[in-house]
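Chains E and S, in that order, are what the protein sequence lines are.
The opening residue of the first sequence carries number 1 in the working numbering; numbering runs sequentially from there.
The opening residue of the second sequence carries number 376 in the working numbering; numbering runs sequentially from there.
The set of hints was computed from the structure by calculation and includes no laboratory data.
Just so it is clear, the structure is predicted and the values come from calculations on it, not from any experiment.
Heads up, the beta-carbon is just placed ideally off N, CA and C, and yes, glycines get one too.
The reader is advised that the hints may include incorrect statements.
Said to hold, decoys possible - Among the chain S residues that face chain E by a calculated CB cut under 10 Å, a handful are:
1) Ala407
2) Gln424
3) Asp438
4) Ala488
5) Arg536
Stated by the list, open to error - In the EDC-like style, the derived pairs of lysine to aspartate or glutamate whose C-alpha atoms are separated by at most 20 Å in a straight line are:
6) E:Lys215 / S:Asp421
7) E:Lys227 / S:Asp421
8) E:Lys227 / S:Asp420
9) E:Lys215 / S:Asp395
10) E:Lys215 / S:Asp390
11) E:Lys301 / E:Asp318
12) E:Lys215 / S:Glu416
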Amino acid sequence: MTNDDPRNCPCDETAEYVSSLADGETIPPTFAQHIGACAACQTRLTDYLAMGAELRRVASLEVDAPLPALPIEKRRTTRSLWQKGLETMRIPKFAFALLILAVVALASSLTMVKVGAHSSGSVLMLNFTGPDGNPHQCFFDTTKKDYPCGFFGPMAATSVGFDFRTLARNGDDIQLGLRSAAYPIGSPEANHMGNALVDNLPEVRYSFEVGQVLKINVEGLGTLTIKGEWTDHVPTLITDAQAQLDPKPDQVRILSPLLLKDNQVIGDMAGGMTSDDDRSQAVWINYANVGRFLISSAPMKGAVQAYAQLNRVSFQIDGENYVLLTGAPVSRSEKIWVLYQPGFKLPNGPDNFITSVDLKQIAPEAVLPQNSLGK
Amino acid sequence: MFDDRELWKQISAGDAGAFDAWYRESAPRLRAFLSHLTGSEPAADDLMQETYTQIWRRPQGFDPDRGTLRGWLFGIARKQAAEWWRRQRPSDPLPDDWPARAITETNSVLADAFKRLQPDERALLWLREVEGHSYAELAVILDVPIGTVRSRLFAAREALRDVWHGAAPMKGGRS
Numbered sequence: 001m002t003n004d005d006p007r008n009c010p011c012d013e014t015a016e017y018v019s020s021l022a023d024g025e026t027i028p029p030t031f032a033q034h035i036g037a038c039a040a041c042q043t044r045l046t047d048y049l050a051m052g053a054e055l056r057r058v059a060s061l062e063v064d065a066p067l068p069a070l071p072i073e074k075r076r077t078t079r080s081l082w083q084k085g086l087e088t089m090r091i092p093k094f095a096f097a098l099l100i101l102a103v104v105a106l107a108s109s110l111t112m113v114k115v116g117a118h119s120s121g122s123v124l125m126l127n128f129t130g131p132d133g134n135p136h137q138c139f140f141d142t143t144k145k146d147y148p149c150g151f152f153g154p155m156a157a158t159s160v161g162f163d164f165r166t167l168a169r170n171g172d173d174i175q176l177g178l179r180s181a182a183y184p185i186g187s188p189e190a191n192h193m194g195n196a197l198v199d200n201l202p203e204v205r206y207s208f209e210v211g212q213v214l215k216i217n218v219e220g221l222g223t224l225t226i227k228g229e230w231t232d233h234v235p236t237l238i239t240d241a242q243a244q245l246d247p248k249p250d251q252v253r254i255l256s257p258l259l260l261k262d263n264q265v266i267g268d269m270a271g272g273m274t275s276d277d278d279r280s281q282a283v284w285i286n287y288a289n290v291g292r293f294l295i296s297s298a299p300m301k302g303a304v305q306a307y308a309q310l311n312r313v314s315f316q317i318d319g320e321n322y323v324l325l326t327g328a329p330v331s332r333s334e335k336i337w338v339l340y341q342p343g344f345k346l347p348n349g350p351d352n353f354i355t356s357v358d359l360k361q362i363a364p365e366a367v368l369p370q371n372s373l374g375k
Numbered sequence: 376m377f378d379d380r381e382l383w384k385q386i387s388a389g390d391a392g393a394f395d396a397w398y399r400e401s402a403p404r405l406r407a408f409l410s411h412l413t414g415s416e417p418a419a420d421d422l423m424q425e426t427y428t429q430i431w432r433r434p435q436g437f438d439p440d441r442g443t444l445r446g447w448l449f450g451i452a453r454k455q456a457a458e459w460w461r462r463q464r465p466s467d468p469l470p471d472d473w474p475a476r477a478i479t480e481t482n483s484v485l486a487d488a489f490k491r492l493q494p495d496e497r498a499l500l501w502l503r504e505v506e507g508h509s510y511a512e513l514a515v516i517l518d519v520p521i522g523t524v525r526s527r528l529f530a531a532r533e534a535l536r537d538v539w540h541g542a543a544p545m546k547g548g549r550s
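Pulled out of the complex, with its shape left as it was, chain S reads as follows (with noise of 0.2 Å):
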């Protein structure tokens, strides 16, 4: 674990080891994000390079007093991967293993109907459920009021669980 502080200040200040350091430790998990959030997992690699790109090359933007670097890079990466949603063209098909290889290598239906929602959904539920961000960090993290954070994930909890029981058509993923 490392104190944001700190680490914000060695990154900022050029230390590519503390920076590697903070990568080996937060990417696997925000790759996992990313995957799941674009169904295809060399686009998650591109998106999380880009992100740690981004982030080393002009490292502004992160305020400690706002919230966690946690959630500062998860809320970066999110962008990134809307930014990605929007160049995809709706006739492109989708990725090879999507969502097969949640079935094949995590053998879980739910994780299936995960990947039936919209993006929007997915990583506001992912970022809850799998990260543990709070409804405060959340509303840091997508820039949306509390309230808009308990309503939001309500809708997606509902939609998730329509498309697990069977109750609701796919919606396909796409945005």
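Chain E extracted, bound-state conformation (with noise of 0.2 Å):
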């Protein structure tokens, strides 16, 4: 008999060694001149070896794949950048609580020239969508430190409040803050959305290049989909989804409005934008020392009626005669209300700040009944 012969060969009990011994192990001298003799045994040790080397060799393959970005969040407390920002944005956290249309940036159909993913294009268009595929855009100037942009809204039946703010670039790599939430519409916290709620929450960090896709997921809503683009500059109108010189109907929109009173400027909001879309909705400018206007295309209790030609409104308040100037076109109507709230102030609040709300939640007292508000 020979060590071929399988009668004679213990074949199953050394198995387990020369995997062993394939693994680098030293084996007892027994096992060992068995598997030297045993053409069975060596067939077995050789078919192991290959099937480590050929696992090896398929990795090998795939470690060069782009790493998705990772989500860090900060374990420590620092007064950030974007703490300090928001300590100068115009527009308050108690505005954002009460932003129905709460838009800072949102997605726009102007014309703007897309620089390709690797440029040197400086304004980072962010393009991101929920699980209900509406596209949603922000804009960040990568030329300047705590560029932070917000989105606060519904999305997919859900109420979400996202602040974004670029935190790094290098090259096409972008490393982006996010703090994000969201409830559902009609919960306490929906109610109260806005930068003071999401201000709390952790901020994370992702890291993700110019071209490719992020997607992050966020409690409560689901997949945000998020792709970034160069692009030469930031367009003039975010304020609305299809951005034209002409305002939509209903819409009144204001950029960046100077306010004078009998030919000497009283207020000043320089690069401050929004827009409201309907006649529920106003548009809030609060200049410092000088008080509160709500500006509507539908009549406010204690309103006047103000004539709107292009960039400019024209009323008269109390004998004195004031003129809003603007950086495009307000309304599509030549007749608008304003109504003007002297030495008004929001507690706790900043000054000078432009938003638009909803009538009935910030001045219900101006509501005039439902059929001088319908459309």
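Take each chain as given, in its own frame, and dock them per the hints.
Pasting the structure below:
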């Protein structure tokens, strides 16, 4: 008999030691001797070694794929640039909480030059969509520090709040910070959605490459899909999903408003912009030491009728002439309404800001009967 | 390469830069491991993200005296993958690219056979053959005695060899 004879070959007992041998282990002499003389065991050893080599070869093909973004939220609390930025934002936390249209930057169909994924473009256009597939946009001037973008509003039957900011840029690699919240519409949290809520949440950091898709799971919402593109500038009109030079019906759109009273400048909101989209809403402009102006395409109790022509709104209050100059046509209608509340100031809020609001929420006393507000 | 103790000290202290560098160095191999373990690249990405996120948020449990940081990382990922498998319903369809991707992209009959092993067998073989963990490290990762590592490795190799040579029916790859 020879060792090749299965009847004389304790291969079953030896097989496990063949495995050990393939792993570089030493094995008892008896089994080592058997393997040296047993063709079946040597075939098994060859197979084991070949299997390992093939697995390593396959693995070698797979380790070069681009890495997805890694979420890293800060563990330590520091006073961030974002927090500093919030303190100087034109739109106060309180006002954000009131927003119905709550838009700082939304989708824009404006013509702009997309300069490609690999470019010297300095403005990052962040396209993001939730589970409902509706597109939204934020713009970041990466040449400026702490250039935040907020989005507050409904998304996929959920009230969401996002605070984006760009933390760093290295070529096409962007480090993005995101605070996010999502609650069912109608829930107590959803009713207070705004910076005051979102700002207290941890910031998660994501690294991604412009041109690549970043998918983020937002608790309570689902997948938020983000893709970045470089553009050559921040568009002028970032407040309207179908932004055109002509305002939409019933829309009041205010850009960078300068307020004159008897030909004297009494308020300047350079760079601020917002729009309301229907007659239940109003544009709220708050000027320091002047007060609050609510502007709507519908009459309001206590409001005066104003004359809107292209980029200027003229009105008269207590015999004094006011002109609001803006950066774009204000309204399709020549007749709009202005409610002035002198000395109005938000408790703990900034003096200068501009936003869009639901009139019923921020000034219910000014709401006229429903038939006046209907379209 | 990183010194495990120093790196862990930095990560525990909340050094995001150190953590990110470690992620970039270690994640490609971890993702390959998870991809073969789950048979699904999206699942592998999700599990990888969960693994690193868990470590970043709760940097506890690593003992440099017990093993390497890499071994500990793969051990956590393996548990995440095992949990993922438990969540899969038996009636769930196999991923679309299962196991064709291995054939089309790697042109490997063995890789195809590998995907037909049980998840535990795949994990063990991958950790040994690809990641090169020693028996002692595998014992820590799997929390089993070294003798068990030896016997399970043998069983996994035999299973793979059988499928590879077509000597055994497909197991389906589901636990």
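Here is what the structure says about each hint:
1. Proximity of Ala407 of chain S to chain E holds as hinted, the smallest CB-CB distance being about 4 Å (cut-off 10 Å).
2. With a least beta-carbon distance of about 7 Å to chain E, the hint placing Gln424 of chain S at the interface is held under the 10 Å criterion.
3. Given the 10 Å rule on beta carbons, the hint for Asp438 of chain S is violated: about 21 Å separates it from the nearest Cβ of chain E.
4. Nearest Cβ of chain E to the Cβ of Ala488 of chain S: about 9 Å, under the 10 Å cut. The hint holds.
5. Restraint check, Arg536 of chain S versus chain E: the minimum CB separation of about 5 Å is within 10 Å; hint holds.
6. Proximity of Lys215 of chain E to Asp421 of chain S is assessed by CA-CA distance (about 10 Å); at most 20 Å being required, the pair is judged to hold.
7. As the CA atoms of Lys227 of chain E and Asp421 of chain S are separated by approximately 18 Å, the hinted pair is consistent with the 20 Å bound.
8. Of the supplied pair hints, the one linking Lys227 of chain E and Asp420 of chain S holds, its CA atoms being roughly 18 Å apart against a limit of 20 Å.
9. Among the hinted pairs, Lys215 of chain E with Asp395 of chain S is consistent with the structure: their alpha-carbon atoms are about 18 Å apart, no more than 20 Å.
10. Only pairs whose Cα atoms come within 20 Å are accepted, and Lys215 of chain E paired with Asp390 of chain S is rejected, the gap being roughly 24 Å.
11. With a C-alpha separation of about 16 Å, the suggested pair Lys301 of chain E and Asp318 of chain E falls inside the 20 Å cut-off, and the hint holds.
12. Between the alpha carbons of Lys215 of chain E and Glu416 of chain S the distance comes to roughly 14 Å, so the proposed pair stays at or under 20 Å and holds.
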